[in-house]
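Asker: Below are the chains, spelled out letter by letter.
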Amino acid sequence: MTSTETRNVGKIGDSPLRPDGTLKVTGEFAYSSDLWHDDMCWGVTLRSPHPHARIHSIDVSAALATPGVYAVLTHADVPGLNRVGLEHLDQPALAEDVVRYQGEPVALVAADHPETARRAAKRIVVDYEELPALTDPRRALDDDAPLVQPGGNLVRELAIRRGDPAPTAPVVVALDFEVGMQDQAFLGPESGLAVPDGEGGLDLYVATQWLHVDQQQVCRVLDLPPDRARLHLAGVGGAFGGREDLSMHVHACLLAMHTGKPVKMSYSREESFFGHVHRHPAWLRYEFGATEGGRLIYAKADILFDGGAYASSTTAVVGNGGTLGLGPYDIPSVHVDARGVYTNNPPCGAMRGFGCVQAAFAHEALMDELAERVGVDPVEIRALNGMREGDRNITGQLIDSAAPVAELIRTVRDLPLPPPPDDRPDIRDLPGGASNTTHGEGVVRGIGYAVTYKNVGFSEGFDDYSTARVRLEIVGGEPVATVHTAAAEVGQGLITVEQQICRTELGVDRVVVHPKNTMVGSGGSTSASRQTYVTGGAVKAACEAVRESVLALSARRLGVSGLRLDGDKIVSASGEVLAVLAEVLADEAVEETVEWHHRPTYPVDPETGQGDAHVQYAFSAHRAVVDVDVELGLVKVVALDTAQDVGRAINPDAVVGQIQGGSAQGMGLALMEEIVVTDGKVRNPSFTDYLIPTILDMPPMQVKVLEYADPHAPYGVRGVGEPPTISSGPAVAAAIRAATGKALRRVPVRPEHITL
Amino acid sequence: MRIELTVNGERREADDVWEGESLLYALRERLGLPGSKNACEQGECGSCTVYMDGVPVCSCLVAAGQAQGREVTTVEGLAGDDGLDPVQQAFVECGAVQCGFCTPGFLVSTHDLLARNPSPSDPEIREALAGNLCRCTGYEKILDAVRAAASAGAQS
Chain A
1 MTSTETRNVG KIGDSPLRPD GTLKVTGEFA YSSDLWHDDM CWGVTLRSPH
51 PHARIHSIDV SAALATPGVY AVLTHADVPG LNRVGLEHLD QPALAEDVVR
101 YQGEPVALVA ADHPETARRA AKRIVVDYEE LPALTDPRRA LDDDAPLVQP
151 GGNLVRELAI RRGDPAPTAP VVVALDFEVG MQDQAFLGPE SGLAVPDGEG
201 GLDLYVATQW LHVDQQQVCR VLDLPPDRAR LHLAGVGGAF GGREDLSMHV
251 HACLLAMHTG KPVKMSYSRE ESFFGHVHRH PAWLRYEFGA TEGGRLIYAK
301 ADILFDGGAY ASSTTAVVGN GGTLGLGPYD IPSVHVDARG VYTNNPPCGA
351 MRGFGCVQAA FAHEALMDEL AERVGVDPVE IRALNGMREG DRNITGQLID
401 SAAPVAELIR TVRDLPLPPP PDDRPDIRDL PGGASNTTHG EGVVRGIGYA
451 VTYKNVGFSE GFDDYSTARV RLEIVGGEPV ATVHTAAAEV GQGLITVEQQ
501 ICRTELGVDR VVVHPKNTMV GSGGSTSASR QTYVTGGAVK AACEAVRESV
551 LALSARRLGV SGLRLDGDKI VSASGEVLAV LAEVLADEAV EETVEWHHRP
601 TYPVDPETGQ GDAHVQYAFS AHRAVVDVDV ELGLVKVVAL DTAQDVGRAI
651 NPDAVVGQIQ GGSAQGMGLA LMEEIVVTDG KVRNPSFTDY LIPTILDMPP
701 MQVKVLEYAD PHAPYGVRGV GEPPTISSGP AVAAAIRAAT GKALRRVPVR
751 PEHITL
Chain B
1 MRIELTVNGE RREADDVWEG ESLLYALRER LGLPGSKNAC EQGECGSCTV
51 YMDGVPVCSC LVAAGQAQGR EVTTVEGLAG DDGLDPVQQA FVECGAVQCG
101 FCTPGFLVST HDLLARNPSP SDPEIREALA GNLCRCTGYE KILDAVRAAA
151 SAGAQS
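If you're matching them up, the sequences are chains A and B in order.
Everything in the first sequence is counted per full-length UniProt numbering, starting at 1 for the first residue and increasing by one.
Everything in the second sequence is counted per full-length UniProt numbering, starting at 1 for the first residue and increasing by one.
Rather than coming from a laboratory, the hints here were simulated on the basis of the structure.
A hint or two may mislead.
[Stated by the list, open to error] Covered by chain A, according to a simulated footprint, are these stretches of chain B (three or more residues, beta-carbon under 8 Å):
{"no.": "1", "segment": "75 to 87"}
{"no.": "2", "segment": "94 to 104"}
{"no.": "3", "segment": "139 to 147"}
Note that the Cβ used here is the ideal one computed from N, Cα and C, for glycine as well.
Isolated chain A, as found in the complex (with noise of 0.2 Å):
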């Protein structure tokens, strides 16, 4: 089969054009920025502007005086319970009389235009009385450390102990590690669009990881039951977790019930960096014990992440960072220690490897180091140690499907090498580019390996689920299904995913994707890498009930039994085609919903940290190769290439796509992306100041797809997204180090860290 027959056809394994795709190029694609009602007004929040503050007043006569300005709320216009939090509630909506970050609401203004509301926003008088900040969370739990919440400022602690507990080793290496604050920066700001109904309820068009918490919370806060506030998907320009919080949802909906007029919010960028969480900042300290031939023996690691001033999903993330934090390796003894901490600087939780992305800097660092002391190369270390189908983890877990760590470390190491640097015909291709920094003196070439394996769903005995309405009848002769979940599209191409499970099930040509609202049961957080799997798995099952009821109700029409469909053609037991659906159906549709629960999770032992945790894993390795202005400290990734076993490839070419700007995310974080807080105070919340990867920086990237099916998931898929964030920056981190001969233990990397 040619691709162009399969892009036609388009059931899974192929890899048919995204739906919306012609939408998003003629610039008609609605993003939540993108929308519009008459009458409406424009929503502005008023933030703090200390880490940590008393609240003694807030005045908002002048503003409210201003001509244009339609209302101005806060904490005190809160009809329900002003806590948001999406695993505590531990976040006013808006704050009462503390305010515990830089950034954090305090006051919002509708008007009738954008700056009319900004500047009214600036006549707010809020008298605030400086607390000394807790900034540093490596004191957050010191005796005389400043309280950031009423019940202390630790948030999670999670303790992994299996194996002997005094082991030794003839080899020990040890390690500190560093990493920065990363920020999502999704390409589409915070925004949306609350209308009222008139009735006392609303509707919010919203860009979002998931639509129903995210109605749960705006329920409690506006005391709403959840039939009156209705949450629809507008179009979301990327997520990456950092909007899985929640960041204009409520506001927009106070400001909307209180005018009674339909409410835009639109962060500006700079909003947009105090306006959703980020990954957490990371101290870590590592120790591997090892025989002589390089075989780990124990390993112990100590993990400190910073939550910031709100908990966010920073539980979850000490849960990942813990059983996850010392790779995929098989290490008979282990002794892991995990806490999150509240401070005063800005509030951190999910975004994309979540938890596994700044232990495997540690643990990938460390590997090499244990390589180079015993003398094996890096990549042989990682197949020496690495995990295999039949093992368990470091919770106990029995890995019970693929876990191919030696082959995927093998395989990058022998894809095709760029060519070496004295060949570069091109300066843009040298460290520091058309900078002109350099014409090849000075440049070093490195070669880094590492690999990851990341959670898939979520875990520790959280019910998760998804839930797919499926609907098959005959329009203008021929079937057509419509198929209908609340799972978030960010880009990732779910919608492409579900239409192609139900041309697989049904037959079917023609599948309508229906928009994403409440109006139908949770899909579940469009995170975890868990939605082709998760929702993926619903929409399979709502099909196959579809199918079910179609086969009855031709059984019922035709008198026979023992039928199934070919097509869209009722086949006998025996083959022969008795109907084809337009007949069976004619005017009547078949409608099905299913909610489907992957296979349970389970807490972990309070006390040994033992237990199955996870529904699933995914691997990936990568090898980076860099060249270094060892001069000026200048980097340039030269190749990022990947291999990674994403089970079943539903559609091979979103899985590259995936896999390539995971990579790059995770190269950003290594070189450069770090949002630098100093005294609890954000300097750089700018695209001047906040770098990402731009395609001068990004490297041509080889990626080899393994498709070892998990036999307990749907089609024997598994999740995808994360893995390549995580294994790709400590790749990058390993050549530098090749390169430079330096330790290099603090990411992003930066020039003075190659060059003193």
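Start from chain A and add chain B according to the hints.
Answerer: For chain B alone, kept in the frame of chain A given last:
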């Protein structure tokens, strides 16, 4: 103030424009053309790129008043009566679109590149698109799309 300009070949006007508004804001909020995007509104990301008098500009950095009497082409104006521009078609077919928020800017920048240089080398493509940020793709499939559009242009 009132502004009058030509957008995608049509004479357009807008009243009550505040002097501080950008061309981007006027296009998106006053002229019903939200295709140009507002990812940074400070000239760093290129998502708002439009042609003004045939030159690609960040419309967030152009005051709406500066566009008085000028000719502006946005992403909405790239497709012809006979369908998508080859650059648009290539972006769809090569998987260069994920979330798509950067796409309108990349399309205008690529359209301009290929008009100037119908067969760009990879370093030339990278240099020409260095002012457009994408967070989803890692740029590989965007490069594929630009090469494909160049190749389609060479054949037509």
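Asker: Does each hint fit the structure? Answer for all of them.
Answerer: A quick look at each hint next to the structure:
{"no.": "1", "hint": "75 to 87", "in the structure": "holds (count 5)"}
{"no.": "2", "hint": "94 to 104", "in the structure": "holds (count 9)"}
{"no.": "3", "hint": "139 to 147", "in the structure": "holds (count 5)"}
In this structure, every one of the numbered hints holds.
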